[in-house]
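Peer 1: Chains as they are written, first to last, in the numbering used here: chain C, 64 to 418; chain Z, 2 to 326.
In case anyone wonders, no lab produced these hints; they're calculated from the structure.
There's no promise every hint is true.
Chain Z regions said to be covered by chain C (calculated; three or more residues, Cβ under 8 Å) [to be verified]:
1) 82-96
2) 101-114
3) 124-130
4) 159-169
Straight-line Cα separation of at most 20 Å, DMTMM-like style, residue types lysine to aspartate or glutamate; simulated pairs [said to hold, decoys possible]:
5) Lys205(Z) x Asp227(Z)
6) Lys136(Z) x Glu88(C)
7) Lys7(Z) x Glu289(Z)
8) Lys101(C) x Asp121(C)
9) Lys136(Z) x Asp227(Z)
10) Lys36(Z) x Glu310(Z)
11) Lys136(Z) x Asp309(C)
12) Lys136(Z) x Asp116(C)
Cβ coordinates follow ideal geometry from the N, Cα and C atoms, glycine included.
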Amino acid sequence: MSPPDLKTFSSAINEALVEAMAQDETVICYGLGVDDPKAVFGTTTGLQERYGDRRVFDTPTSENAMTGVATGAALGGLKPVMTHQRLDFFLLALDQLVNAAAKWHYMFGSQQSVPVTIRLIVGRGWGQGPTHSQNLHSWFAHIPGLKVVMPTTPRDAKGLLLSSIFDPNPVVFIEHRWLYGGLGEVPDGDFRVPIGTANVLRSGTDITITSSSYLTVEALEAAEVLSQQYGIEVEILDLRTIRPLDWDTILSSVARTGMFLALDTAFTTGSIAGEMVARVSMALFGQLKKPPSRLAMPDVSEPTSIALTRGFYVRSQHIVERVAEMFGSPVINQKETDCYDQMPDVPGDWFSGPF
Amino acid sequence: MNSRDKAELGLRLLRHMHRVRAVEEEIAERYPEGKMRCPTHLSTGQEAVPAALAECLLSSDFAVSTHRGHAHYLAKGGNLNAMIAEIYGKASGCSRGKGGSMHLVDLQVGFMGTSAIVGNSIPIGVGLALSAQYKRTDQVSCVFFGDGATEEGVYYESLNFAAVRRLPVLFVCENNLYSVYSPIRARQPADRSIAGVAKSMGLKTVQGDGNDALAVYGGCAHALADIRAGGGPWLVEYSVYRWREHCGPNYDDDLAYRPAKEVEHAKQRDPISLLRRQLATVVPDLEELESAMLREIRDEVDAAFHFAEISSFPSADEAFLGEYA
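Only chain C is shown next, with the shape it has when bound in the complex (with noise of 0.2 Å):
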């Protein structure tokens, strides 16, 4: 049993929401299941019982039209936080974000804001396959006008959910379904943590490795590896907003270590880890000891059976080895390999599906 001070990341979300709720009788809280047994993952556990359907309410299967609906009552001066159970289901209102919510601040010169927040699950592993599992946030985060956010650590969560709910433009709120068990301290009442800012979640001298959502808690463990097999210290800066990214932490931190890895769970080609080597390259040649590096997505689609997920995803053992490499050490065999071999598409034996 865990001690009463952590709570789970699901635990997290619903707790922002509730305050939110709470605080601000503006905010309003809808999506496909909001309402039913299952809660979203627990994560609306409780909000139409405490705020009732006028506040808290399911909706008809329309993606599109109902982030238009967003748009317009947060035009209308609501707050609307919209929940899907799976990013790719949102990729039917495309149109609706990028036309119209991250276009209106600017399109109509800086007259009317759209404070909506759009929370996306990411799936993964037990055979969700090519459409229930996408990690699209360098979509998103290509486009003028959209805040994108990724927590990690259940503080994190809380602290961005609330940020987003009560910032004044659209953010796309990214949750990671491998992430909703997790625990960690997380503090009462009305908690925020800044849209736009990294944490250096680990300090160390000799590699900066950026990271977020679930990709962090690998990394994490592969620093530790790293610092106890091969006396290498990470920093690991947990990114936790995608846009805008917080430069400053990140340029600082290589231009100490002289080292770079980008990690990203989102496929390679294209992808914000992408754009941090270009920027981190262009910024900090002359610093740079070793070329920089990444480690993201292969560049295919999720495949479903599990026979097909062996070594498919970036795992801690995959970190360890390419800043090996980049140290040019040999890689010391990990325990962990047959651990992953087992079971290549859950983060944990405590994880089943079906969704």
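Could you slot chain Z onto chain C? The hints should help.
Peer 2: Frame of chain C; chain Z shown alone:
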């Protein structure tokens, strides 16, 4: 309606229509000068529906519209000077030069914006209605669109949501039979109407001749009264005809994508001439009143273009401002 009321209403409708036409025709006249550097979609020939709504919407109501939005903006009471300045790309424009003809806004009168993507503003209008219902105001959200938008998926999603939540929305479809050059016969079955589909989805509907401003006023006023009484969303579908090309200042009948007879018939149904004929019997001094009306409008339109001409352009650095609120 007694004849005095009809006369007064008719004269107001006539004034709205003349004003819209004068503005659109002045844009067409001056467009070749090259100072209005944005895609511009004129409403010449389609003045009756906006005129009727100008008479029956309240200033506190919301409205959203489309790329062809000048007439709707003016109907809602949008500032004429700011609209012309916006088309000229000036800092005094209603969107400060960031939007152009296709992105008009006037928050003072509830004109919340227009979109250049077909169907895009429809759910936004529905969301505005949700905010009105949530705040328990008596506002109605008026959503203007054309027949092309009714082929977009988001249109059906929006009607469905408005119906299931009984939202205070007036959907206004101006059916001008063409999506750019594509005739409606290539796009929708002949034996099915836009209003009919809306009715089957649970909305109350009106369908009629969009050249008859008095009839449009009657239909919309009736729908709005029911919406304000909590009756839920309505869709009104009016047949109209765009006289000029889809986008730009010219006539394009030389392209022959519309049958010559159809164009000719539509011009015989000119909404301004039609109303003038209807008023002839109830307004004895119509000609005199109309001349005075036209002089006032001429002065106002000239002043608006002068305002746009003498206004400054925004500075180039303003392109980089306003990404975030």
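Peer 1: Taking the hints in turn, state whether each one holds.
Peer 2: Evaluated hints:
no., hint, in the structure
1, 82-96, "holds (count 3)"
2, 101-114, "holds (count 5)"
3, 124-130, "holds (count 7)"
4, 159-169, "holds (count 4)"
5, Lys205(Z) x Asp227(Z), "holds (10 Å)"
6, Lys136(Z) x Glu88(C), "holds (10 Å)"
7, Lys7(Z) x Glu289(Z), "holds (18 Å)"
8, Lys101(C) x Asp121(C), "holds (13 Å)"
9, Lys136(Z) x Asp227(Z), "holds (19 Å)"
10, Lys36(Z) x Glu310(Z), "holds (9 Å)"
11, Lys136(Z) x Asp309(C), "violated (38 Å)"
12, Lys136(Z) x Asp116(C), "holds (14 Å)"
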